[in-house]
Each structure stands twice: as structure tokens, then as C-alpha cells.
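**Q** Here is how the chains run, residue by residue.
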Amino acid sequence: MSDRASDRRVPSAVGNGDGEVAVLSQADLAVPTHQIVEPDGSYDPEVVPDLSEEELCDLYRWMVTDRVFSRRMVNIQRRGELGTFGSTRGQEASIIGSAFTLEPQDWLYVGRAWTPMFMRGASMDDMIRFWRGIEEGQQAFAKQNSQIAISIGSHVPLVAGLAWGMQLDDADAVATAYIGDGATSTGAAHEGINLAGALSLPALFFCQNNQYAISMPVDEQTGAKTLAQKALAYGIDAIRVDGQDVLAVYDAVQTARERVKNGTPVFVESVTYRLDAHTTSDDPTRYREDEEVRAWEENDPIERYRSFLKSEGLWSQIDHDAIVEDIEAEFDAALAAANEMAERQVAEIFAHVYEELPPELSRQQEAFEALLEKRPEMYDHIEQRPKG
Amino acid sequence: MQATIVQAVNDALHGEMERDDRVVVFGEDVAESGGVFRATDDLLEEFGSDRVVDTPLSEIAIVGGATGMAMYGYRPVAEIQFSGFLPPAFDQLVTNASRIRWRTRGELTAPMVVRTPYGAGVRALEHHSESLEGAYAHIPGLKVVVPSTPADTKGLLTASIRDPDPVLFMEPKRIYRSVREEIPEGDHEVPLGEAAVRREGADVTVVGWGAMMPPTLEAVDDSDVDAEVIDLRTISPMDTETVAESVKKTGRCVVVHEGPRTLGVGSELVARINDEALMYLEAPIERVAGFDTQVPLLSMEDFYLPHPPRIRDGIERALSD
Ligand SMILES: Cc1ncc(C[n+]2csc(CCOP(=O)(O)OP(=O)(O)O)c2C)c(N)n1
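Respectively, the protein sequence lines represent chains A and B.
In terms of full-length UniProt numbering, the numbers along the first sequence are unbroken and rise by one, the last being 388.
In terms of full-length UniProt numbering, the numbers along the second sequence are unbroken and rise by one, the last being 321.
Derived by calculation from the structure, the hints in this document are not laboratory data.
In this text, all values refer to a predicted model and were calculated from it rather than measured experimentally.
Positions of the beta carbon are idealized from the N, C-alpha and C atoms, including for glycine.
Please note that the accuracy of each hint is not assured.
Chain B side only, calculated, beta carbon under 7 Å to chain A, not exhaustive [said to hold, decoys possible]:
(1) Glu-18
(2) Asp-20
(3) Leu-57
(4) Ile-60
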């Protein structure tokens, strides 16, 4: 542990003495965007991160996994088999490049990003259960030190707290919060990131600027020119990266992770785009132009990475169709497993509210179970949906 | 005009924005997209981007900002997308909105409305299903209103916007579109703080509000009990008189609510009936309520929600002694 008192960083006020009021403006700040592979596929081989051929191929497989999973989830939602779902199509490079840096002992709290949880062992059937509103999904994620935060920004202070624990333990791990551009406006995010900055906690804030909250475009979300620069006000470092370039994202987050482990929290802004609707209940035609979507479709992260793999001579090692087929099969099996889940019991409503059921809760549970027995017609009013 | 509850919200907003140019509507996704439930549809086109404003994703700033704007003389109507996202702004309700009048001895006030859809039964994710009206009714200085019909929605929202105090207007999203009725054209106000008698009866008084009204009425209509049904409409301030008068007549009472049972609004109703009508009671007052648990995620939410048979059971219990 560092000695906080001896680590004061606040400089005393020293004027510039010329009597002029100096205005500090964000225009004075250059915020570079890290990129390795350019949209046309060109790159400097010298700056490609040091990854094995197998790892480079894995990046591709995971990106495709993310895309296929989103497509299948949207499809089953349309068939009425899920309540709602938020697709990640378009954000694959941002999601996979960042998650590829995580170690098993790290903690991960996500907003819109599911595949990182698969990468650390969560199963697709648990993810389907989660989106069907079955609590076991979250129980399974917790086993991989992962959770999904539905209340936007609410997890940011939590991640700071996890990082604080890691610091006290001298743990070789980081706590990571994935947030969206919208989340950077929440009070919880401000307080959480500030705490991490104030205490130099091993927290990594990975912000996917996918250009929209629901209908709110990022330039109306904040008056700041970039999200990355916000980090400076919290006293932490920032990196801005092209979120359509999986290698750049990997490189940026790997660098961030090293700094975080050395006691400097880092905020990474990954500039990407959500190609689909915010969720299956959203109608994006109300707030954005098809033309804009088409332009980003042209800037497809999977295509860009494919051209890199071709230049490296690795494409021949990849059988794209077989990968898709594998993932489809994995999804089919997961869906079947989720569908086979046993009927859920009333006791589950009362379980885990406290470690020990307080007497009034036991009373409520017993009375309700007795009532269900006495009045089976209640089931006519209860839609039982273990299948979502 | 025939309207659903969500259309009635929209109609009331149109009416009040037209009547009073100090009325400003804002919140997440309310302008460009017309609100995730379309409650604010067309307002942007009609009243322009100074009066219909998409805000950043900032519940604290939305509620705290509404308070400041109201103190300055505007009539903000702020939307919180789902009531489950109101808790971050709870502080602003407790610390500022509800106390400005008291703190300044009436020199400054905060006439504002925070609208928010509440309640379970729409197959949503975590935090989208709470009904914590009891928690908000606990804040002195804040009014809490929960309509259950389209006509009342228009009248109560209109009254809330004109009210001199801050109002939390909780909209029963489960029945946003499932009830449709004729709503009055033009100016229509339903006074806050007055319950409505939905059915007259002599055997038992059943009190509910919001999304619990349709199952309550169904429970009563399907039984041969001569029940009097009261829709509370305003949780705070609560119309004790209408309830007490009814209980004096029937001698029995059932309170139905969706929020957790312990320290819920039902508890307060029981206490008030004890104060006002104890000697008329022929049986203990029954409560049919949500459990003291988190609202389960969507696969089990129908188990949590009071349904007509559970309400009927409550009525039978009240009649059995
Ligand atoms: C505190 C809170 N307020 C409102 C919502 C409703 N909501 C769900 S997602 C969303 C937009 C989130 O945008 P962003 O943070 O950019 O993440 P993205 O979904 O784009 O990844 C909103 C407003 C919420 N879930 N939580």
C-alpha cells in the first residue's frame, strides 16, 4: 500500500504575473485517437501489438461470436422468446479488443457488452436466462466476477470500491467498468471515477462511445469535445481509441491495464457505433438518418480486421463459415438448455433477499403458498414463463 | 375523445403547454423521440426546442434542475424514464424540492411535476418494475399522485402542473394502453387529494390505486359481494375522509397495493381507519400487497403482483369474521 499522506499532488497557486486572466479551454487540449489499422486496411507492421497468430485468429472468432449472438437474440426476441434485448452489432472491435486484455482474477461490470462475459466462462444459456428475467443468469455471472448493470452508471462507484479492496489486498488484478457515453453524465459515474482518482485505485473505466444513449447523440450528451478529456478533471489518465480497430483497442486497453496495476486509474474512450436499435423496443428511425447508419456500416470493424488478417496471410487459417456454424450450434444448444429449465418456485421470490429469512417474510411466503394451493384459479392470472 | 392513459398524459401536456408558456417539458428522450412510451409525442414539433428538451442521462440533474427552474418561476414537467431510476434523484426530492417552501418560509417555492411510469407487469429488466409510492409519500412537502383512468390522468396531471407544490406523478405503465375511455376535451382538472368512489356497495370497502384498480374492479365484479371500491388517486395528501366514511358504512375494509407490504401505504390507511372509524369496524382490515422482497425479474413477476383471486381472497377474509 502507498502512503497517501506523503503522496500529495496539489501544487500551490503560483500566478503567471502578467495580470491577464488566463482562460483554460478544452480547445487548448489536443486529444489524439489511437489507431493501428486504418479504415482502408493499411497499417504499419511495426506498431501491431505483439500477439500470437492464434490470438490474432481468436480476436476474429470472438468478434464474430458477438455479432452472431446479437443477431440470434434479436431474432428470438421477435419470436416472443425474450422480454427485450439490446444488440451490440457494430461494437465488436471495441468490446473484444478491450476484453481480450482481461485476466481471470479481474472483476468486470458491463453495460452493453456480453461477449466479455463469455470470454471469461459465462455460458450463452445463462445469458439467455438473464434476458428472460431469470435470476440464475446473474448468479452464474457472479461466479466469473461479472455482472450487468441495468441502472446506468450505478456500477461505477461499485467498481471503484472493488478496486479499493484490490489495492488493500495488493491483488494482482483490476476492476473494470464498461460504461456508455450516456453513463458519463450520471452522478454515480462522476463520484465513482472521482473516488478512483482521489485514492489512485486500480480501476479501469472503459467507455464505449457508441454515439447514442437512447435517442440522445453524444454531442448533446455533453458540452465536452471528447469523453476522454473528462478524465483529467478527476485526476486520472485518459486514452482515446478508434473503437472500430480491434488491434488499437487491444493495445490501448492493455496499456491502460498496465498503468492501472501500477496505481493510476485510467479512462478509455472507445469511439464506435451502435448499428442496431438501442433495444428491441426502440425505433431509431425517429432520431437518426439512414445515411449515417450506412456510413458506419461501411466502417465495419469485422471487415477492417479481415483485411488485416488477409495482409498478414492469416485469413487462410480462418474458416469464417465454420466459425459461424459453430456459434449458431452453440446458440441452439444454449437455447435448448434454457428452454429446458425446470419450472420456478414461489420460494425463489423470497430467497436471497436476506441471508436468513426474517419472520415476516416467512409468514408472507407461507401464506402465499397456501393461497396458491387453495385457489388454483390464480394460475389463470399468472403467466408462467420459464421460457421467457 | 377516446384515449388511453398514455394519450391522456400527452393531451394534458399539450393543453398546459398551450395555456401557460412557462410550462417546460424535459427528460431523457422526451423530445426527438417522444419518450420511450410516446407520452411526449409531437410536443417538440408544436412547442419547439426551448420548451421540450432532451436532457443528458442525469436523473439528479433532471429533478434538481426542475427544482431550480421552478424556484425561478417556470413550471417544469420533468420525466424520469422509469421510476426505478428515480432513486438517484431521491436526494433532490428530499433535500430540495420538498423543502424549498418550508425552508424559505414561503418566500420561494417549487411548483414542479416529476412524471414517471411505475409498476410491474410489462416484462422489463431489473429496476423497471418497482412501485415505491410509499417511500415518496414519506417525504413531507411532496405530493404523490397515481391516476388509474384516462380521464383522471388528464385531470390529475393538469391539476398537478397547476399545483403550487412539487408533485410526483406516478403513471401506471402496465395499463398505459389497456384502458381506453372518453376523456373530456379542453380544460379538465381533477383536484388533488380527493379519492373517487368507483363502485358503491354496502358490505366491504376495497381501497386501491393506479395499476391495481383494474384487477380490483375485476375481483369485485366477479363476486356476489356488494363491495364499495375506492380509488385513492392521490397518495399524499391522502383523502382519509372518503375512506373513513365508506368504512363507517360497510364496517369492513381491504387495501390493495402493489408495493411492498411493510410500511406501505396500506399500513397508513389501516392506522387512519383505526383513528377515524375503529368503532365501526366489524373485522380486522385486510391488506393485499406486494411482498417485502425485490420485485422478481420478469419470469416471476406475475406471481408477485396481486391478481383478482388474491384480491377476492382478501375480501373473503374481511367478510369472514
Ligand atoms: C439511471 C438510468 N436512467 C435511465 C435508464 C434508461 N436507459 C437504459 S439504457 C439508456 C441509454 C444508455 O446509454 P449509454 O450509457 O450511452 O449506453 P449504451 O446503451 O449506448 O451502450 C437509458 C437512458 C437506465 N437504465 N438507467
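**Q** Hints first: check each against the structure and report whether it holds.
**A** Hints versus structure:
1. Glu-18: Given a least distance of 23 Å, the restraint on Glu-18(B) is violated.
2. Asp-20: Hint on Asp-20(B): violated, closest Cβ of chain A at ~26 Å, above 7 Å.
3. Leu-57: Given a least distance of 4 Å, the restraint on Leu-57(B) holds.
4. Ile-60: Holds: closest Cβ of chain A sits about 4 Å from Ile-60(B), inside 7 Å.
Against the hints set out earlier in the document, violations occur for numbers 1, 2.
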